[in-house]
Structures are given as structure tokens and as C-alpha cells.
Amino acid sequence: MSVGKPRLAVFKFASCDGCQLSLLDAEDQLLSVADALEIVYFPEATSRMEAGPYDISLIEGSITTPHDATRIQQIRRDSRFLMTIGACATSGGIQALRNGADSAEFMRSVYATPGYIEVLEHSTPIADHVAVDFELRGCPINQYQLIEVIQSLLAGRTPRTPGHSVCLDCKRRGTVCVTVAQGIACLGPVTQSGCNALCPSYNRGCYGCFGPASQINLVSLTSQMEQDGASRQEISNSLQNFNNNAPAFREESRRLQDRNGEPD
Amino acid sequence: MGDRKIKVETLTRVEGEGGLFIRMSGETIEEVRLEIYEPPRLFEALLRGRPLEDAPDITARICGICPVAYQMSSVHALESALEVTVSPEIRRLRRLLYCGEWIESHGLHMHLLHAPDFLGFESGLEMAKQFPEAVNRGLRLKKHGNQLVDLLGGRAIHPVNVCVGGFYRIPRRNEFQKLIPDFEWGLNAAMETTRWVAGFDFPEMVSDCEFVSLSHPDEYPMNEGVMKSSLGDVIEVEQYEEEFEERQVPHSTALQAFRKSTGRPYLLGPLSRINLNRDQLFPQARKLADEIGWEPVCRNPHKAIIARGLEIVHAYEEGLSILRDQHLAGKPRETYTPQAGTGKSATEAPRGTLYHRYEIDDQGKIVEACIVPPTSQNQAQIEVDLKHVVSESMGNEETELARKCENLVRAYDPCISCSTHFLKVTIDRH
Ligand code: SF4
Ligand code: SF4
Chain A
1 MSVGKPRLAV FKFASCDGCQ LSLLDAEDQL LSVADALEIV YFPEATSRME AGPYDISLIE
61 GSITTPHDAT RIQQIRRDSR FLMTIGACAT SGGIQALRNG ADSAEFMRSV YATPGYIEVL
121 EHSTPIADHV AVDFELRGCP INQYQLIEVI QSLLAGRTPR TPGHSVCLDC KRRGTVCVTV
181 AQGIACLGPV TQSGCNALCP SYNRGCYGCF GPASQINLVS LTSQMEQDGA SRQEISNSLQ
241 NFNNNAPAFR EESRRLQDRN GEPD
Chain B
1 MGDRKIKVET LTRVEGEGGL FIRMSGETIE EVRLEIYEPP RLFEALLRGR PLEDAPDITA
61 RICGICPVAY QMSSVHALES ALEVTVSPEI RRLRRLLYCG EWIESHGLHM HLLHAPDFLG
121 FESGLEMAKQ FPEAVNRGLR LKKHGNQLVD LLGGRAIHPV NVCVGGFYRI PRRNEFQKLI
181 PDFEWGLNAA METTRWVAGF DFPEMVSDCE FVSLSHPDEY PMNEGVMKSS LGDVIEVEQY
241 EEEFEERQVP HSTALQAFRK STGRPYLLGP LSRINLNRDQ LFPQARKLAD EIGWEPVCRN
301 PHKAIIARGL EIVHAYEEGL SILRDQHLAG KPRETYTPQA GTGKSATEAP RGTLYHRYEI
361 DDQGKIVEAC IVPPTSQNQA QIEVDLKHVV SESMGNEETE LARKCENLVR AYDPCISCST
421 HFLKVTIDRH
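Heads up: the protein sequence lines correspond to chains A and B, in order.
Using this note's numbering, read the first sequence as starting at 1 and increasing by one per residue.
Using this note's numbering, read the second sequence as starting at 1 and increasing by one per residue.
So here's chain A without its partners, still in its complex pose:
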């Protein structure tokens, strides 16, 4: 890191602001983190807007416009360490649902004169455009993971976030499996941990907001869901959420759709 306090910048692309809000929500640690770092660019939080170079850049949101595709290149050049925060930046977000659809028709259905707005046909993750040093998953991210990553960077160690599935966390916290006990469909077995198995503890199935875990057997889960009575369309829909463009989820939902007409 450069002399003096490390310079932190936060940038926003197509997103809901929820992930950068996680930084503002880390109330207890916020003032001490703010002390260890120099927040030199963070439009949502401060009117201070310094130019690069930055030691750490946090990127929220996906690339959806030609202007943003150019802007991310400059941010990469300005940043020593570039980290994406959240499903939008890491997989393209919910807005990537247009990737598989007729994007022009989408625009027409929302805007009376779509020609005014320049948008790309696809919503893509940051890593499709520039090299990314670290990806933090979640929609939204977990603020404790964010603080842990920032702190480990400041300490010069490699950030560690677990890659196991939500399932394991349910076992750890003693939540009775919602699928086994109540027959509720759940993506927990294939979703990366980070939320401490939140949804099952509220009596609902995981809908995959942290994206696919590292080593998963998605086909085996979806076959089980089919056996339990869900239609291929329903299962495919359930994969098309906030991480619909994460390769594992995208490919399996396509495979299910392609097989939609086939007999069982």
C-alpha cells in the first residue's frame, strides 16, 4: 500500500445500492474502519471526490451501458486492488435476466421512447470486462464478510471467505431441513454460504441469493426437485434470480428449459 492511509474508493454501476449500504450499515465497525482507511471516493456517503490512484476499489453493480463499459476500464487502471461486491457486480445481477430475452422488447415495454437510452443488450459482471482481484458474493453481501475482507487487505493477508454450501450452515445452527421435514424446495445444497442459512431459519427454502457454491451437483438437486413434483419450468425459474447469469445456474436453467417439452 502507498504511504499514509490506504485510499478506498467505492463505485456504483447498475445496482440497487444495497451492497454499498452494507458498508454504511456496519455501524459498530464503520468509524474505526473509516479511521484505518482514507475514504477518498464514495459518492453515496461523501462529497469528497478525489481522483485515483486508489489502493482498494469496491465495485457494486453490473455493466449495462457502453459508457459504463468504458468507465470500468479507467477504474481498473486507477486501482491497485479491485474487489466486486454483490451479485450484480459478480454475476450480472437480476438485471441479467434480459440476457436471455429480447432486450429491445424489454426496453420498449418500459420506455415509450427507448431510443433515448443507450443500453447494452446484456448485463454482465465486472470480471467480463477487467481483471478482478476478489469477488464477494451475495445479494446483498454480508457486512461482516466485507469488513473481514477489508481488514485482511489492510493486514496484508489473503481474504478468506468460505466456499461451502448453505446446507452445512443449517446443520451447524441446528435448523431442521425444510425439504426433508416439510417438503419445501430449497437451493441450499447448491448455494454458497455467507448468510448463515437465513431463509430456512425463517421457514422458507433458500432462493440462491449468494450464487452457486464452489463444488456442486446441480443436476442431482434439480432431478430430486422434479421427483418431488416441481415442473421443469418452476425449477428453471427458481434458478433465474439474482445470480441467473452465474454459469452454473445459467446452464442448468437452460438445460431444463431445453428439456421442457420432453417426457420424463
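What the hints contain is simulated information worked out from the structure, not anything from laboratory work.
Just so you know, not all the hints are guaranteed correct.
[What the hints assert, rightly or not] Derived CB-CB ranges, DEER-like:
{"no.": "1", "chain 1": "A", "residue 1": "Val-219", "chain 2": "B", "residue 2": "Val-367", "range": "27 to 33 Å"}
{"no.": "2", "chain 1": "B", "residue 1": "Glu-398", "chain 2": "A", "residue 2": "Glu-118", "range": "28 to 34 Å"}
{"no.": "3", "chain 1": "A", "residue 1": "His-67", "chain 2": "B", "residue 2": "Asp-279", "range": "47 to 53 Å"}
{"no.": "4", "chain 1": "B", "residue 1": "Glu-27", "chain 2": "A", "residue 2": "Ser-152", "range": "53 to 59 Å"}
{"no.": "5", "chain 1": "B", "residue 1": "Lys-287", "chain 2": "A", "residue 2": "Gln-233", "range": "55 to 61 Å"}
{"no.": "6", "chain 1": "A", "residue 1": "Glu-251", "chain 2": "B", "residue 2": "Glu-242", "range": "45 to 51 Å"}
{"no.": "7", "chain 1": "A", "residue 1": "Gly-4", "chain 2": "B", "residue 2": "Glu-31", "range": "41 to 47 Å"}
{"no.": "8", "chain 1": "B", "residue 1": "Arg-403", "chain 2": "A", "residue 2": "Asp-133", "range": "43 to 49 Å"}
Just so you know, these numbers come straight off a predicted model, no measurement behind them.
By construction, the Cβ of each residue, glycine as well, lies at the ideal position given by its N, Cα and C atoms.
With chain A fixed as given, assemble chain B with the ligands onto it according to the hints.
The following block gives chain B with the ligands in isolation, referenced to the frame of chain A:
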């Protein structure tokens, strides 16, 4: 004075991305634009064909600061299409959840985004160095709001526990009770905060706008009611799209909202809510309003920060009354069978009225969705008020004038991320 152009490329301490553009010729203001260049995310299109059960999870992602508002408007609208009536317990819990969001969102805006303008700091974090007590108090209030949404919603940002018909799980009584001591402290702290901001030095300004908000005979408006206006009109939510319209104006490529009857813009949000519903505030909030000499109808948009304070006090009082309620148990949600229909609903997001309409088919799939967020509605009024500031401060240096304009925009707490899928944007680059 010759031709002058003022451009604020990036508005800071607002949610989402936008800028300001002002063009003057001599003493004439030729153009004032609130520019929004947030990329569109096309939510209304993404919702088509999805099961209706997905709506609260997907629409929450429109906005990270007010996800509860999106969840509440969507479940109410869908329940109206399905002809589902929720139990009084669920209704109370939904208000409790909304109290959490108001506390969290208003707390964030007041302390970290808006107060620095009055005290001359570039951020809340900078301000904390000189006003540690006030900023820490604000962070704690915000945290209470988050804790409440966390408990009842499962997560502070994008709650997981809200569904059409009610909740997936109702937290246990002792989980609610655990929050009571913090909320008792918070009620007093919120009053302190409100007194603190009421003492700021406010720029003089009188906006002659029309105030619009929901109104309800028995309660301060949040989840239900009719639309009321300071012109005396009462509009059923069913009639929303007949009374309000979005249209294109010559000087902007953004869709802006107007009242059809007057052809003029209108204002939503905390000022409108209090101006139209002051008598429905809980007692301590009402008493505090009297104590600080809050005008019967406040027309100074800069003072919206005080209105937010009063609403936080109200939210703590009402929140406490629900947390202490002995009868919150019961069925977590109502069941329903899908049927084709259309449902409309409006609720009070922290920034103002948020309207949703859904058409669903007999399989429970969404056929069409229409979402009108508060910021796209407030945008035209913000521009009118900006013109006012520019005309009063003509003689100021560019940076000073730009600063005054930015301060005014922040007073409305515009949520630019939310508004954009309803706005058309081009950037003027000369
Ligand atoms: S990942 Fe989710 S929470 Fe984060 S910015 Fe995107 S939509 Fe918002
Ligand atoms: S959807 Fe899955 S990953 Fe997301 S909060 Fe729920 S359990 Fe966790």
C-alpha cells in the same frame, strides 16, 4: 452577466447516480435539469411471466435503502388482485416492519447524508470528528431500525420473511421483547436528534407546491389509505393512474409526474405526510412538534430533515406499542388460490408514496407490472424548487450556487436508483 452554465456532474450523498444542469442567459434561467444517468434495470419487464410469489423478492432489489416499501406495495397489490384479506396481527406486524424501515432510512439520511450540509462537512464521517455524540446517536438509531427489520424481515437489506399473505414465520414474543429496552432508549434519542436538527440554520424558502400523501382515518399513513392532497382532493388508490400522469417535458428527456387536473407537479414524502396527517402522529411526536414550533403547514423543503426526525419519533412510539403487544401470535399467513385479476396498491416509502399495479393470470403468473416510485414523481417539483433557488441566488459564485442547488436536492432524499426504470435519460455533454 452573459451566458452561464453550471453543471454538477455527480450528485453526492444521494442514493444512485445523477447530476444537475443549469443554463442561464443574463438574468433569465433558461434551463434547470435534474439529470439522472443511472442505468435502467427494467424491473417491470423482468417481472412478466414470473410467479406472483417472486414479486416481493424481486421488487425489493429495486432499492437497497427502502426494500420494505417495495415488498409492502407489492404484497398489498397482489393480495388485492387475489382478494385476500390479512389478519389484524399480520397487519400490525407489517406496520412494525415499516417502522423499522422509516427509522433506518430516515436515520441514515438525516445523520450521514443531510446534516453535513447544515454544518459544512463533506460527509457524516467527517462530521463525526466534531459531533461524535450526534453522529453516534444517529448510527445507533439507524441500527435499531436495521435490527427490527432484521428480526421481522430476516435481513435488514432485502428481507426474506415477507410473502404474499403475510410472513413465512412470526418471530417469538421474547424475540420482540428483547428489542424493547433499546427502543425505549431510542425514543428519547430520536427526540434529542429532532431537537438538534430543528436548531440548524435553515435557508429561507417557501415552495408553493401541492402536497400529496396517503391518509387514513385511524392511523398515520403507511400501508393503506386514500390519497390526499393539500388542494383538498381525496383520491382512491384505484384511481391513481387516472389522476396522476407521467409525461415528457420539452427541457428534459426524463418522464416527470404531474397532476392531470392542475397540470402541475406535486410533492411526496415526509413534509407532505406531516402537513396532511399531523393529528395522526403518536402523542410524543405531536407534542414534540408543538415544542419545537413546527408550523401547521411547513413549506420550506430544507426543513424536511425535521419532518424526518418527527417521523422517527412516531415510528419508535408506534413500534414500541406493537413490540409490547401481547397478541401478536397466530397464523403467519393467509393462503389463497390463484385467480386472474388486477390489483393496485400504494404505501408510504420513506421518500413518499410508492404505487404498484399487477395484472395476474389464473395460474398466478404476472402478466403486467407497473411501478411508480416516489422519486420519479418528485422530480418535476424538485426542478421547480431548484429554479426558485437559482433565481434567489443569481449573484452567487458558480461553486456557491451549485452547492446551494445540491443542498436543496439532498433535502428531498431522492432515491435515484429507484426512479430510473421510470425515467428517460440522455446526458448533455457540451
Ligand atoms: S447484488 Fe443485490 S443488494 Fe447488491 S447491489 Fe445488486 S441488487 Fe443490490
Ligand atoms: S436465499 Fe439462500 S443464500 Fe440467500 S439469504 Fe436465503 S438462505 Fe441465504
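Here is what the structure says about each hint:
Checking the proposed 27 to 33 Å range against Val-219/A and Val-367/B shows it holds: the Cβ atoms sit about 32 Å from each other. Between Glu-398/B and Glu-118/A the beta carbon distance is about 29 Å. The supplied range of 28 to 34 Å therefore holds. In this structure, His-67/A and Asp-279/B meet the distance hint of 47 to 53 Å, their C-beta atoms being roughly 49 Å apart. At roughly 58 Å, the beta carbons of Glu-27/B and Ser-152/A sit within the given window of 53 to 59 Å.
Range check, Lys-287/B to Gln-233/A: Cβ separation about 57 Å, and the 55 to 61 Å hint holds. Separation of Glu-251/A from Glu-242/B is about 46 Å and conforms to the stated range, judged on CB atoms against 45 to 51 Å. Range check, Gly-4/A to Glu-31/B: about 43 Å between beta-carbon atoms, so the 41 to 47 Å window is met. Between Arg-403/B and Asp-133/A the CB atoms are about 36 Å apart, so this pair departs from the stated range of 43 to 49 Å.
Checked against the numbered hints given earlier, the structure breaks only hint 8 and satisfies all the rest.
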